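Peer 1: Sequence:
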Amino acid sequence: MIRRERLVVETQGRGFRDLTARVREAVARLAPDADGLAHLFCRHTSCSLLITENADPDVRADLERLARRWAPDGDPAYAHRIEGPDDMAAHARSVLTGCALTVPFEKGRLLLGTWQGIYLWEHRTTPHLRELLLTVLT
1 MIRRERLVVE TQGRGFRDLT ARVREAVARL APDADGLAHL FCRHTSCSLL
51 ITENADPDVR ADLERLARRW APDGDPAYAH RIEGPDDMAA HARSVLTGCA
101 LTVPFEKGRL LLGTWQGIYL WEHRTTPHLR ELLLTVLT
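FYI, the numbering for the sequence shown is 1 to 138, going by the numbering used here.
Honestly, the hints are just simulated from the structure, not real lab data. Remember, it's a predicted structure, so these values are computed and weren't measured experimentally. Yeah, the Cβ is synthetic: ideal placement off N, Cα and C, and Gly gets one too. Incorrect hints may have been included.
Said to hold, decoys possible - Computed cross-link-like contacts, EDC-like style, restricted to lysine to aspartate or glutamate with a CA-CA straight-line distance of at most 20 Å:
(1) LYS107 with GLU5
(2) LYS107 with GLU25
(3) LYS107 with ASP33
(4) LYS107 with ASP35
As the list claims (entries may be wrong) - Derived CB-CB ranges, DEER-like:
(5) ILE2 with GLY113: 18 to 28 Å
(6) GLY113 with ALA77: 32 to 42 Å
(7) PRO32 with PRO76: 52 to 62 Å
(8) ARG43 with ARG68: 19 to 29 Å
(9) GLY98 with TYR78: 29 to 39 Å
(10) LEU111 with ALA79: 13 to 23 Å
(11) ALA79 with ARG6: 27 to 37 Å
(12) ALA21 with ALA79: 18 to 28 Å
(13) PRO127 with PHE41: 15 to 25 Å
Based on the provided sequences and hints, a complete structural model is requested.
Peer 2: In structure tokens:
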């Protein structure tokens with residue numbers, strides 16, 4: 001059986017939003033006591049989804065520092081600059097990190113590892129509303 005829920009996430013600009021609790025609650029509500037897969041898809045091209053360390057915030061800070069190396073804002077080599085100096089960098093970061101995740105669950109509970117959390121990584125410097133689709137397959 002397939003069930004779907006739309007999640008709207010308000011970002012504060014560049015950085016990470018922890019979605020673990022929201023996804024956990026939605027899976028428990030949509031598929032209580034069931035086993036299956038939870039698929040999360042982001043409908044945008046300038047943010048991404050990832051599973052990463054949830055205990056030490058230095059990990060996320062280091063990821064942001066790495067992203068500045070991979071795709072610096074305002075690089076003069078970029079042709080795409082329609083929405084400002086962070087625009088093409090945000091698209092590149094999204095391509096490099098991905099827009100979808102799949103997590104198994106058992107009896108309505110996500111099977112994440114002890115130190116894993118689900119995050120939306122906003123790559124634009126200004127706040128945005130982001131729409132995610134959570135599809136639960138049982």
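Peer 1: Does each hint fit the structure? Answer for all of them.
Peer 2: Results for each hint:
In summary, the hint linking LYS107 to GLU5 is supported, as the alpha carbons are separated by about 19 Å, within the 20 Å threshold. For the given pair, LYS107 sits about 13 Å from GLU25 by alpha-carbon distance, which is consistent with the 20 Å threshold. Our distance criterion of 20 Å between C-alpha atoms is met by LYS107 and ASP33, whose separation comes to about 4 Å. For the hint pairing LYS107 with ASP35, the CA-to-CA distance comes to about 5 Å; that is within 20 Å, so the pair holds.
At roughly 26 Å, the beta-carbon separation of ILE2 and GLY113 lies within the given 18 to 28 Å, and the hint holds. Here the CB-CB span from GLY113 to ALA77 is close to 38 Å, well matched to the stated 32 to 42 Å. A beta carbon spacing of about 53 Å between PRO32 and PRO76 agrees with the range 52 to 62 Å that was offered as a hint. Roughly 25 Å separates the CB atoms of ARG43 and ARG68, a value that falls within the hinted 19 to 29 Å.
Checking the proposed 29 to 39 Å range against GLY98 and TYR78 shows it is violated: the Cβ atoms sit about 21 Å from each other. The hint said 13 to 23 Å for the Cβ distance between LEU111 and ALA79, and at roughly 43 Å that hint is violated. In this structure the supplied range 27 to 37 Å holds for ALA79 paired with ARG6, their Cβ-Cβ distance being about 34 Å. Hint check: ALA21 to ALA79, Cβ distance near 40 Å, so the stated range 18 to 28 Å is violated.
At about 21 Å, the CB distance of PRO127 to PHE41 agrees with the hint of 15 to 25 Å.
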